[in-house]
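> Next come the chains, spelled out residue by residue.
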Amino acid sequence: MYNSGKIITGLVLFLGVVTMPFWFNIGKADVKPDPSLDTPVIRQMKVKHCIESKQFMIDNHMELLNAWRNAVVRNNKTIYVSTAGQYFTMSLEDTCFHCHSNEKQFCDQCHTYANIQPYCWECHVKPVEEAANGHR
Amino acid sequence: MKIVVAFIVVLVLAALPYAGIQYAGMSTVFGIIIPYAAVAVFILGVVYRIVKWARSPVPFRIPTTCGQEKSLPWIKQNKLDNPSGTAGVLGRMALEILCFRSLFRNTRTELREGPRLSYASSVWLWLAAIAFHWSFLIILIRHFRLFSQPVPHFINVVENIDGFLQIGVPTLYITDILLLAAVLYLFIRRVVLPQVRYISLVADYVPLLLIFGIGLTGVLMRYFFRVNVIGVKELVMGLIAFKPHVPADIGTLFFIHLFLIATLFAYFPFSKLMHLGGVFLSPTRNLANNNRMVRHINPWNYPVHVHTYAEYEDEFRDKMKAVGLPVEKE
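Listed in order, the protein sequences are those of chains A and B. Numbering follows numbering that gives the first Met the number 0, in which position 80 of the first sequence is assigned residue number 79; successive positions increment by one, without gaps. Numbering follows numbering that gives the first Met the number 0, in which position 66 of the second sequence is assigned residue number 65; successive positions increment by one, without gaps.
The reader is advised that the hints may include incorrect statements.
[Stated by the list, open to error] Distance condition first, Cα-Cα at most 25 Å in a straight line; then the derived SDA-like pairs of lysine to any residue: (1) A:K5 <-> B:N297; (2) B:K78 <-> B:F99; (3) A:K53 <-> B:L219; (4) B:K242 <-> A:T111; (5) A:K103 <-> B:F143; (6) A:K103 <-> B:R225; (7) A:K53 <-> B:P169; (8) A:K31 <-> B:V226; (9) A:K103 <-> B:I229; (10) B:K242 <-> B:K78; (11) A:K5 <-> B:S55.
[To be verified] Restraint ranges, calculated between C-beta atoms of paired labels, are given here: (12) A:C122 <-> B:I176: 23 to 31 Å; (13) A:E121 <-> B:G24: 37 to 45 Å; (14) A:M0 <-> B:T27: 35 to 43 Å; (15) B:L171 <-> A:C122: 17 to 25 Å; (16) A:L12 <-> B:I187: 32 to 40 Å; (17) B:V201 <-> A:S90: 52 to 60 Å; (18) B:Y118 <-> A:L64: 16 to 24 Å; (19) B:H274 <-> A:N65: 38 to 46 Å; (20) A:V17 <-> B:F224: 28 to 36 Å; (21) B:Y197 <-> A:E121: 39 to 47 Å; (22) B:I74 <-> A:M0: 54 to 62 Å; (23) A:L64 <-> B:A39: 39 to 47 Å; (24) B:I74 <-> A:I115: 56 to 64 Å; (25) A:M0 <-> B:R107: 36 to 44 Å.
Hints in this document: simulated from the structure, not taken from any laboratory. If you're wondering where the values come from, they're calculated on a predicted model, not measured in any experiment. Using N, Cα and C, we set each Cβ at its ideal position, and we do this for glycine too.
Work the whole structure out from these sequences, hints included.
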C-alpha cells in the first residue's frame, strides 16, 4: 500500500464517523417515553375519552392543533365539533390543558424522546402543574 | 430499456419489504438482520475498495493543471489550479469536495451559424449536484436525532435552520424539497439529453431512482402517512446498542424506507457511489505539480544487475590483448 499514513488516517476518520451512532450512546440511559394520563381532572372522569379517539389523537394532534390555531386566529372560529358530535372550545390552554395539565409527564415525554420541538410555547403559557406533583 | 430495468429493480426492492412485513411478518429480518448486514457490507466494502486503490502505485505526478505552474519569481503562479505544495493541494481538494469546483467549470460547446464555435458556462448540472449532495448531508445529520439520546444541541440547530419556513405541521424541511427536486432533475437530464442517455447504464439510473425512493418514502412518512416515530426510535436505539428488538405497529412504510437505505448501503462499495472515497483519491486533483522540483522514483523499480565496462575488460583482458584489441588498463 502506498501513502499508507494518509490512507490509514482517512480510513480511521471514515470508520469513526460511520460508527459514531454505536459509540455515541455508550453509557447513556435509554429512557423510553411513558406519557402519563394521571392528572386530577382525568382521575375524576367516568369515561376517560379525549375529544377524538386515542389513535386519531396520537397520529393527528399536531395537525388538529395547527388547524385550530388557524381557525381561531385567522377565521375567528372557536368551536370544534368532534366526530362524536360534541362541542369543544378550540383552545390549547382551556381545552387540552384542562385535562392534560401535566406537560412534563405528557407532552414532553414523546417530544423529548423523538426530539420534536413544537413551537407552542412561543405564544402559549405552559400549564401550571399542581404543587402536589412536586415537579414545578 | 435500461431505464425500465432500473425502474423494475427499484420497484421490486420496494415491494420486498412490503410483502415481507404485510404478509409474512418478517419484521426481524427487515428490521434487524438486513440493516446490520448492510452496515457491515458497507464498512468492509468501503475499506476494501480504498485499500485496493491505495495499492496502485502513483509513480509520477499527474495533476490536471489549469493555470501557471510555479516558475520564475516574477511569473505569477496559479496556486489553486497548479499547486506546488501541500497548502495549494489542500485548498484545491477542499474546493473540489465542498464546492465541486471542477464541475462548476463545466462548459457547453455549441456550433452556431456562421459557422461559429461558442463556449458557454453550464452550471445547471453543478447546481443540481450541489443542491443534491448538501441536502443529502443535512438530511443525514438530521437523522441523528433518531440515533442519540439525549439529542445533541447541534442537531436542533440544523433542524431549526432547515425548517425555518415553519410551513405546516410537522414543519416542512427545505432540504426535503431540494433533494427530491435535484434528484428528479438529475434523472430527467439523463433521460432527455441524447448524448447523456447514450452513455447511461442501468448502474447510473438505479442509484438515482433508489435515492428518490428513499427520499419519497421519507417525505411520505413525515408529511402524509404517519408512522410511529417513537417505535422507530426504539428500534434504532436498540440496534445501535446491540440489544435489537422490533416494536409493534411501526408502519410498513418505514420498513420500505429502511430496506431501500439498507440496499443503498450494501450497494455502495460496488457502485459509482464510491466516488465518496474516490474524490479524495483522485490523482489528477490530490497531487502537487512538483515534477520539476522533486525526483519521483518509480516504486516498482527493482535492482538491475549491471556489468560495467571495467568489469568486462577485467573478464576478457587476456583475450582482448591476444587479438590485439586496445584495453584501458594494462
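> Next, verify each hint and record whether it holds.
Hint-by-hint comparison with the structure:
The straight-line distance between the Cα atoms of A:K5 and B:N297 is roughly 19 Å, inside the 25 Å bound, and the hint therefore holds. Taking the CA atoms of B:K78 and B:F99, the gap is near 18 Å; set against the 25 Å cutoff, the hint holds. Distance check on the hinted pair: A:K53 and B:L219 sit about 22 Å apart at the alpha-carbon level, within 25 Å; holds. Simply put, B:K242 and A:T111 have alpha-carbon atoms about 22 Å apart, close enough for the 25 Å limit, and the pair holds.
Note on A:K103 and B:F143: the hinted pairing holds, with a Cα-Cα distance of about 24 Å set against a maximum of 25 Å. The suggested pairing of A:K103 with B:R225 holds, with an alpha-carbon distance near 24 Å, which does not exceed 25 Å. Between A:K53 and B:P169 the CA atoms are separated by roughly 19 Å; this keeps the pair inside 25 Å, and the hint holds. Only pairs whose Cα atoms come within 25 Å are accepted, and A:K31 paired with B:V226 is accepted, the gap being roughly 17 Å.
Distance hint between A:K103 and B:I229 is fulfilled; the C-alpha atoms sit about 17 Å from each other, no more than 25 Å. Annotation: proposed proximity of B:K242 to B:K78 is violated, straight-line Cα distance about 52 Å (limit 25 Å). Proximity of A:K5 to B:S55 is assessed by CA-CA distance (about 14 Å); at most 25 Å being required, the pair is judged to hold. Restraint check, A:C122 to B:I176: a C-beta distance of roughly 27 Å satisfies the suggested window 23 to 31 Å.
As the Cβ distance of A:E121 to B:G24 is approximately 44 Å, the hint placing it in 37 to 45 Å holds. With their beta carbons about 39 Å apart, A:M0 and B:T27 fall inside the hinted range of 35 to 43 Å. B:L171 and A:C122 have their C-beta atoms about 20 Å apart, which keeps the hinted 17 to 25 Å range intact. For A:L12 and B:I187, the hinted distance range of 32 to 40 Å is satisfied, since their beta carbons lie about 35 Å from each other.
Separated by about 57 Å at the C-beta atoms, B:V201 and A:S90 satisfy the suggested range of 52 to 60 Å. For B:Y118 and A:L64, the Cβ-Cβ distance of about 56 Å falls outside the hinted range of 16 to 24 Å, so the restraint is violated. About 41 Å separates the C-beta atoms of B:H274 and A:N65, a value consistent with the hinted range of 38 to 46 Å. For A:V17 and B:F224, the hinted distance range of 28 to 36 Å is satisfied, since their beta carbons lie about 30 Å from each other.
Distance hint check for B:Y197 and A:E121: the Cβ-Cβ separation is about 55 Å, which falls outside the suggested range of 39 to 47 Å. Separated by about 38 Å at the C-beta atoms, B:I74 and A:M0 break the suggested range of 54 to 62 Å. Between A:L64 and B:A39, the C-beta spacing of about 43 Å keeps the proposed range 39 to 47 Å intact. Range check, B:I74 to A:I115: Cβ separation about 60 Å, and the 56 to 64 Å hint holds.
Separation of A:M0 from B:R107 is about 40 Å and conforms to the stated range, judged on CB atoms against 36 to 44 Å.
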